[in-house]
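K.L.:
For reference, the chains in residue letters:
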Amino acid sequence: MVDLSQYLPILLFLAVALGLSSAFVFLPMLVGRLTGSHKPDPEKLSEYECGFPAFEDPRSQFDVRFYLVAILFIIFDLEAAFLFPWSVSLGEIGWAGWTTMMIFIFELVLGLIYAWKKGALDWE
Amino acid sequence: MTSFIQSYLGTGFGWFVAHLVYILLIALPLMLAVAMIIYADRKIWAAMALRRGPNVVGPLGLLQSFADGLKVFLQETIIPSAANKGLFLLAPIITFTVALMAWAVIPFDAGLVLADINVGLLYILAISSLGVYGVIISGWASNSKYPFFSAMRASAQMISYEVSIGFVLISVILWSGSFNLSTIVMTQKGYYGDWLGGLGLNGHAFNPLLFPMAIVFFISALAETARAPFDLTEAESELVAGYQTEYSSMSFALFWLGEYANVILMCALNAILFWGGYLPPIDWAPLYYVPGIIWLFAKILFFFFVFSWVKATVPRYRYDQLMRLGWKIFLPLSLFFVFLVSGFLMLTRYGAAG
Chain A
1 MVDLSQYLPI
11 LLFLAVALGL
21 SSAFVFLPML
31 VGRLTGSHKP
41 DPEKLSEYEC
51 GFPAFEDPRS
61 QFDVRFYLVA
71 ILFIIFDLEA
81 AFLFPWSVSL
91 GEIGWAGWTT
101 MMIFIFELVL
111 GLIYAWKKGA
121 LDWE
Chain B
1 MTSFIQSYLG
11 TGFGWFVAHL
21 VYILLIALPL
31 MLAVAMIIYA
41 DRKIWAAMAL
51 RRGPNVVGPL
61 GLLQSFADGL
71 KVFLQETIIP
81 SAANKGLFLL
91 APIITFTVAL
101 MAWAVIPFDA
111 GLVLADINVG
121 LLYILAISSL
131 GVYGVIISGW
141 ASNSKYPFFS
151 AMRASAQMIS
161 YEVSIGFVLI
171 SVILWSGSFN
181 LSTIVMTQKG
191 YYGDWLGGLG
201 LNGHAFNPLL
211 FPMAIVFFIS
221 ALAETARAPF
231 DLTEAESELV
241 AGYQTEYSSM
251 SFALFWLGEY
261 ANVILMCALN
271 AILFWGGYLP
281 PIDWAPLYYV
291 PGIIWLFAKI
301 LFFFFVFSWV
311 KATVPRYRYD
321 QLMRLGWKIF
331 LPLSLFFVFL
341 VSGFLMLTRY
351 GAAG
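Respectively, the protein sequence lines represent chains A and B.
At position 49 of the first sequence (counting the first as 1) the number is 49 in our numbering, and the numbers step up by one without a gap.
At position 153 of the second sequence (counting the first as 1) the number is 153 in our numbering, and the numbers step up by one without a gap.
Just so you know, these hints were derived from the structure itself, not from any lab.
The beta-carbon is built from N, C-alpha and C at its ideal position, and this holds for glycine as well.
Accuracy of the hints is not assured; some may be wrong.
[Said to hold, decoys possible] Restraint ranges, calculated between C-beta atoms of paired labels, are given here:
1. A:Gly-111 - B:Ala-285: 49 to 59 angstroms
2. B:Ile-215 - A:Ala-23: 31 to 41 angstroms
3. A:Glu-124 - B:Leu-60: 46 to 56 angstroms
4. A:Gly-119 - B:Gly-58: 50 to 60 angstroms
[Stated by the list, open to error] For the chain A half of the interface with chain B, some residues (derived, Cβ under 10 angstroms), not all of them:
5. Lys-39
6. Tyr-48
7. Arg-65
8. Leu-83
9. Val-88
10. Ile-93
11. Ala-115
I would like the entire structure built from these sequences, with the hints used as guidance.
P.N.:
Dropping the structure here:
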């Protein structure tokens with residue numbers, strides 16, 4: 001059984017870090033109202049576009065290759081997730097475990113080669 | 001110190017107060033270090049460009065970052081009318097929280113670590129992956145063109161290099177046989193000690209099988225923290241100021257603080273994973289009289305200097321070059337080294353088990 005009390009300081013750290021960063025975000029808003037620097041007007045609150053009104057909706061189409069990168073990331077990061085437990089238990093699982101993982105990596109390399117040949121990795 | 005405080009305040013509350021003190025002892029000096037390292041960064045670029053850099057506020061300009069901090073603190077927080085207000089304010093909080101949290105498992109010296117968990121490296125990987133959320137939420141919630149494009153670029157860049165960082169870490173874990181960062185540091189002790197007459201070298205980077213991974217990790221660290229030459233997320237001529245374009249006041253500063261905290265973290269990880277962490281560079285007894293924390297800080301500062309050096313001298317990559325480097329060079333290379341390192345270990349260390 002893993003001793004979860006080791007993780008308590010991390011939980012406490014999360015609370016402290018959240019508190020600190022929330023204070024950094026919300027205190028200046030309060031201070032701005034007290035010092036009088038808080039003076040919003042419609043022009044100031046419009047989105048940034050080099051001095052003229054924006055032409056189109058910013059949340060418009062974007063390149064599909066960003067999706068491809070995200071999907072490839074999921075594949076390879078999951079592969080890494082399988083490799084992590086394997087890497088610390090290599091001494092116990094021996095050659096059988098090593099060979100199995102090498103076959104697994106080889107299959108993923110085939111996937112990488114396929115994506116490469118399909119041009120999914122090209123950004124020209 | 002925990003037991004000392006517990007003797008006064010009782011077991012539960014004493015533990016709480018002691019660990020709160022430890023956390024503040026990490027978080028507050030870290031923020032101070034970020035302020036000073038921004039100053040150091042500017043001074044180093046200035047020196048390399050034959051300029052003076054900040055030299056007005058305080059002696060030698062040392063207080064420049066604090067003056068900047070006070071200035072942004074007193075400025076108005078502008079929330080654009082088109083923005084999603086909740087997410088807009090949440091993004092800097094996430095960025096900074098995540099940048100602080102990773103330090104919970106960094107060993108500053110033998111036994112000097114806040115949470116000595118056995119999956120420390122996995123925790124670091126998980127926490128640094130969460131940094132993407134701050135970036136993408138800020139870009140989306142701004143509801144503005146440039147932050148949105150920048151956030152897309154930044155998140156694609158971060159996840160691309162995270163893949164190769166993951167495989168580099170696997171090589172290190174294979175060699176050290178543990179996720180625990182203190183164990184990883186201790187397994188780097190005394191490389192070639194038998195040949196060099198007891199004066200071994202401390203650091204996985206002296207291992208020819210891991211040295212290329214140290215280089216890959218260093219370059220990936222530059223890309224992961226969006227430092228030059230991979231600072232495409234804030235390429236001024238294309239994207240104004242990157243995903244924090246719409247931010248102002250301290251929310252804007254939090255992205256900077258988080259970015260620099262991540263830079264220091266990456267420098268620390270370089271030192272811990274490949275260059276012996278808190279061990280002196282040479283396994284020679286008199287060097288151990290210098291406290292380990294000094295060695296670690298010296299290594300962090302050295303790597304930070306290299307980060308600045310690169311930023312001052314190397315021209316920016318194009319986006320297709322960045323993606324080619326990440327996916328077509330680093331990923332196959334780090335995969336091949338996972339094969340190489342694990343195969344070598346099977347032949348030399350674990351072969352008898354099969």
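K.L.:
Work down the list of hints and note, for each, if the structure agrees.
P.N.:
Going down the list of hints, with the structure as the test:
Between Gly-111 (chain A) and Ala-285 (chain B) the CB atoms are about 51 angstroms apart, so this pair conforms to the stated range of 49 to 59 angstroms. The hinted range of 31 to 41 angstroms is satisfied by Ile-215 (chain B) and Ala-23 (chain A), whose Cβ atoms lie roughly 40 angstroms apart. The hint said 46 to 56 angstroms for the Cβ distance between Glu-124 (chain A) and Leu-60 (chain B), and at roughly 47 angstroms that hint holds. In this structure the hint that Gly-119 (chain A) and Gly-58 (chain B) lie 50 to 60 angstroms apart at CB holds, the actual value being about 54 angstroms.
This hint holds: Lys-39 (chain A) has a C-beta 7 angstroms from the nearest C-beta of chain B, less than the 10 angstroms allowed. The beta carbon of Tyr-48 (chain A) comes within 5 angstroms of a beta carbon in chain B, closer than 10 angstroms, and the hint placing it at the interface holds. At its closest, the beta carbon of Arg-65 (chain A) sits 8 angstroms from a beta carbon of chain B; the interface hint therefore holds under the 10 angstroms criterion. Interface restraint check for Leu-83 (chain A): the shortest CB-CB distance to chain B comes to about 5 angstroms, inside 10 angstroms, so the restraint holds.
Taken as an interface hint, Val-88 (chain A) checks out: its beta carbon lies about 6 angstroms from the nearest beta carbon of chain B, inside 10 angstroms. The closest approach between the C-beta of Ile-93 (chain A) and any C-beta of chain B is roughly 8 angstroms, which is under the 10 angstroms cut-off, so the hint is satisfied. Nearest Cβ of chain B to the Cβ of Ala-115 (chain A): about 8 angstroms, under the 10 angstroms cut. The hint holds.
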